[in-house]
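2 protein chains.
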Amino acid sequence: MLDIALVGTAGAFPLPNRWLSALLVRLGTRMLLFDCGEGTQISMRRLGWGFKALDTICLSHLHADHAAGLPGLLLTVGNAGRSEPLTIFGPTGTEAAVRGLRAVAPVLPYEVVIQELNGGETMSWAGAQLGCLAVDHALPCLAYRVDLSRARRFDPARARALGLPVPLWKGLQHGDAVEWQGRSVAADEVLGPDRRGLRLAYVTDTRPTSELPSFLAEADLLVSEGTYGDPADAERAVENKHMLFGEAAMLARAAGAKRLWLTHFSAKLTQPADYLPHATAVFPPTVIGHDHLTGTLSFADEDPNG
Amino acid sequence: MLDIALVGTAGAFPLPNRWLSALLVRLGTRMLLFDCGEGTQISMRRLGWGFKALDTICLSHLHADHAAGLPGLLLTVGNAGRSEPLTIFGPTGTEAAVRGLRAVAPVLPYEVVIQELNGGETMSWAGAQLGCLAVDHALPCLAYRVDLSRARRFDPARARALGLPVPLWKGLQHGDAVEWQGRSVAADEVLGPDRRGLRLAYVTDTRPTSELPSFLAEADLLVSEGTYGDPADAERAVENKHMLFGEAAMLARAAGAKRLWLTHFSAKLTQPADYLPHATAVFPPTVIGHDHLTGTLSFADEDPNG
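These protein sequence lines map, in sequence, to chains U and H.
When the first sequence is numbered by my numbering, its final residue is 330 and no position is left out of the sequence of numbers.
When the second sequence is numbered by my numbering, its final residue is 330 and no position is left out of the sequence of numbers.
Only chain U is shown next, with the shape it has when bound in the complex (with noise of 0.2 Å):
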């Protein structure tokens, strides 16, 4: 079970009622965030998930709105008594760039790991799968993955007509075999068949590419940059390497997402929900973002409230 909530729904320019685009995850008690403009930790602690949890931030290129807010938030974070390390992904230039912003935060008592990526790798978060893909953007931009896989059920009738004792079966959940009376009991006799996962996607700053589709598909929830709802801007969206609202519904559809969440709109557009209908023609599951949406996605049969 992920929960999400969208930190900021601005692009460029933080404004006083709209924070920078950013999209933060809870994953048990962990918790990964993607992109720091400035102004992040504010909204962060108006949220209320706190700060020490957060070990994990991606970032998806090196413009400040994307990435200004580190120093402020980094040191939040030393103050909310976080000791361990944490994590920033990043495209190349990452390493330099947080060693800029953090001229004005040199002391922290963590650790800060780098890690820079080119697009294509894979890394592992709280258990789940983090990927990436290189995207089209004035200068090297990523866009991310959470993948959590689900376990396969365990039938414990089956486990016992094979006369299991109750000790062994800890191994078999775990998709190991075990040995039992002399022969080799394989996972596979006592669990179920593969059972969907959760995928939750993160694109922004970027024009549409043809290996988005795959790279996003059947996400559970994609959250999209929508820079321009209408489409007269479709010229600027080129120019600019963004997406009008019609592109992000269709990089839905094309991957097979199941819901859609705009953000990271222009300064101009002060009434995004003007331009939903744009999207909704082309996929009817999406939801023009705002600051602090929240959203729990949850495994097909698993009740969020339970």
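Source of the hints: derived by calculation from the structure; they are not laboratory data.
Fair warning: there could be bad hints in the mix.
Copies of the same chain look alike in the list, so a pair counts if it works inside one copy or between any two.
[Claimed, not checked] Cut-off 30 Å, straight-line C-alpha distance, at most; resulting in silico cross-link-like pairs (DSSO-like, lysine-lysine):
#: 1; residue 1: Lys76; residue 2: Lys265
#: 2; residue 1: Lys76; residue 2: Lys292
#: 3; residue 1: Lys265; residue 2: Lys194
Chain U is already provided as a structure; the job is to place chain H on it using the hints.
Chain H only, in chain U's frame:
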């Protein structure tokens, strides 16, 4: 006439209801900003004084809560149409810090001029004098003052009595001597006595020092940190190199200041007004600063609404 606005009043951490300490000054068509923590540009947008006219930023020191907002603000000033140079003053290390912070804002449509100060230098800004003094914090830190001198009053009756033609008056009004009918006429002959100017001072992130009272002497307005209100925090103030409300008030009194605005409140100080009596007992004209508190400093007999 100086217009001034507290852009924020928080120390250390920006809060959802309190921006980081910064002070904006407007003189004619020009603007100067003291300090620039995370979110300063957002608060300035709400204030509504615009961005393009900002030509000078004075950093007290290079902690994140006073400088991390620079990359975002510099971009926003550029986006507002500025093409003329912008000067950043600050203590030793400012050049490296700004270079570091600009890792996420490398391209601006104007030149950024950086001048590092040791304290004691005097600069010119918008016809005023800008002074600085090294103060006592955990790293190099500067107090600033703006001195706006006032021209001596020109007496047309005396000029006429001397038979001086009007085209010669201008030089005399500027204090120059002029030649008339074979003799030199000194400005003193047509100008009244010296007139008191205006002094605004900004002091933050320091203990009281022995040099401060004379640096701040007779300031029309002292904007000073008062990080802690409760005298019980005296040890903490010493340890963290900050001031109690009462210490800031003693400084204002020792300097013979006219007014004191307190700012840079600790996050734990949720109701600074509760501690105001600790300041007013020492220096009655003390005001608890709040975000977007504005004021105007006018010459003694000048109508600020004139």
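Legend entry - Which numbered hints fail: The structure breaks only hint 3.
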